[in-house]
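Participant: Input sequences plus hints: build the corresponding full structure.
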Amino acid sequence: MKFENAKKGVRKFIISESLFIIATILAFGSEIVVLQSGTPDDFESLVMTSLGLFFAAGLMTLIGQIIQLIALNQARKDEKQFKTALKFVVINLIATAVSVLTAGTFSNIFSGISAVAGLLVDVYIILGVYCVAYKLDYKKVQTSGKINMFIVAVLFTFVIFSRLIVIFMPVLSETLDIVSYTLEFIGHLALIIYFFQSKVMFAETTT
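Heads up, the working numbering is the position in the sequence shown plus 261, with the first residue counted as 1.
Warning: the hint list may mix true and false statements.
Unchecked claim - 30 Å max Cα-Cα, derived DSSO-like pairs, lysine-lysine: (1) Lys-263 with Lys-338; (2) Lys-263 with Lys-396; (3) Lys-400 with Lys-269.
Claimed, not checked - Using C-beta positions, here's what the derived DEER-type ranges look like: (4) Thr-363 with Ile-439: 18 to 24 Å; (5) Leu-425 with Gly-313: 28 to 34 Å; (6) Glu-435 with Met-309: 38 to 44 Å; (7) Thr-310 with Val-461: 51 to 57 Å; (8) Lys-338 with Leu-433: 40 to 46 Å; (9) Leu-433 with Tyr-395: 40 to 46 Å; (10) Ile-293 with Asp-398: 43 to 49 Å; (11) Thr-366 with Asn-266: 37 to 43 Å; (12) Thr-443 with Ile-355: 24 to 30 Å; (13) Lys-396 with Ile-421: 31 to 37 Å; (14) Phe-316 with Val-359: 15 to 21 Å; (15) Ala-414 with Lys-348: 18 to 24 Å; (16) Val-351 with Glu-305: 34 to 40 Å; (17) Leu-320 with Ile-293: 14 to 20 Å.
For the record, the hints were derived by calculation from the structure and aren't laboratory data. Note that the coordinates shown come from a computational prediction; the quantities given were computed from them, not determined experimentally. For each residue, glycine too, the CB sits at the ideal point set by N, CA and C.
Facilitator: See the structure below:
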């Protein structure tokens, strides 16, 4: 059977992207809770709810990244683009850890590095699936790959500019975070559709 490792990797990508979608929704909810107004008695409850949602989002993201690592380690045996994506996953994890453990401008800088590394992971995963689709001459996934690359390019541009803006204008942090979560949701949704199409591709061409 052709591309057995890539096939198994794509199945795991679907799981990891599902977890990333859940994490994005939870993080968005956490941000919305923070912006809620209420009486002083409500403040503690709102803070605890926000922290709970944020922690749950972080946990979902961590699990998703672990599954993504496993998937890339498997898929890289069939396509070298997945190997490059694997390197950026490691950079993303390190930058995320530094961002969480620090504060202020330094934290924002590493948060930006983490976001960019995460987008580059998506870029190389898309390229990896696209290359496999090209070798299998499966046009639908090739076209979908090009569309996803455009979506990621838009997200990439926004993330870079938003992180630069936050460094110099921290007051806009909450607003930009909400916009970022919305765009991330769209990006993850587009990717999971892409992976489902890839799953169909493997079912039709490699059995």
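Participant: With reference to the structure, classify each hint as holding or not holding.
Facilitator: The hints, checked one at a time:
Distance hint between Lys-263 and Lys-338 is fulfilled; the C-alpha atoms sit about 12 Å from each other, no more than 30 Å. Annotation: proposed proximity of Lys-263 to Lys-396 holds, straight-line Cα distance about 10 Å (limit 30 Å). At most 30 Å may separate the alpha-carbon atoms for a hinted pair to count; Lys-400 and Lys-269 meet this at roughly 21 Å. At roughly 23 Å, the beta-carbon separation of Thr-363 and Ile-439 lies within the given 18 to 24 Å, and the hint holds.
At roughly 31 Å, the beta-carbon separation of Leu-425 and Gly-313 lies within the given 28 to 34 Å, and the hint holds. Checked against the hint of 38 to 44 Å, the pair Glu-435 and Met-309 fails, with Cβ atoms roughly 19 Å apart. With their beta carbons about 40 Å apart, Thr-310 and Val-461 fall outside the hinted range of 51 to 57 Å. In this structure the supplied range 40 to 46 Å holds for Lys-338 paired with Leu-433, their Cβ-Cβ distance being about 44 Å.
In this structure the hint that Leu-433 and Tyr-395 lie 40 to 46 Å apart at CB holds, the actual value being about 41 Å. Taking the beta carbon of each, Ile-293 and Asp-398 are about 46 Å apart, inside 43 to 49 Å as hinted. Distance hint for Thr-366 and Asn-266: a CB-CB separation of about 42 Å, consistent with the stated range 37 to 43 Å. The beta-carbon spacing between Thr-443 and Ile-355, approximately 27 Å, falls within the hinted interval of 24 to 30 Å.
At roughly 32 Å, the beta-carbon separation of Lys-396 and Ile-421 lies within the given 31 to 37 Å, and the hint holds. In this structure the hint that Phe-316 and Val-359 lie 15 to 21 Å apart at CB holds, the actual value being about 19 Å. Distance hint for Ala-414 and Lys-348: a CB-CB separation of about 20 Å, consistent with the stated range 18 to 24 Å. With their beta carbons about 38 Å apart, Val-351 and Glu-305 fall inside the hinted range of 34 to 40 Å.
Under the hint 14 to 20 Å, the C-beta atoms of Leu-320 and Ile-293, about 19 Å apart, fit the expected range.
Violated hints for the displayed structure, listed by number in ascending order: 6 and 7.
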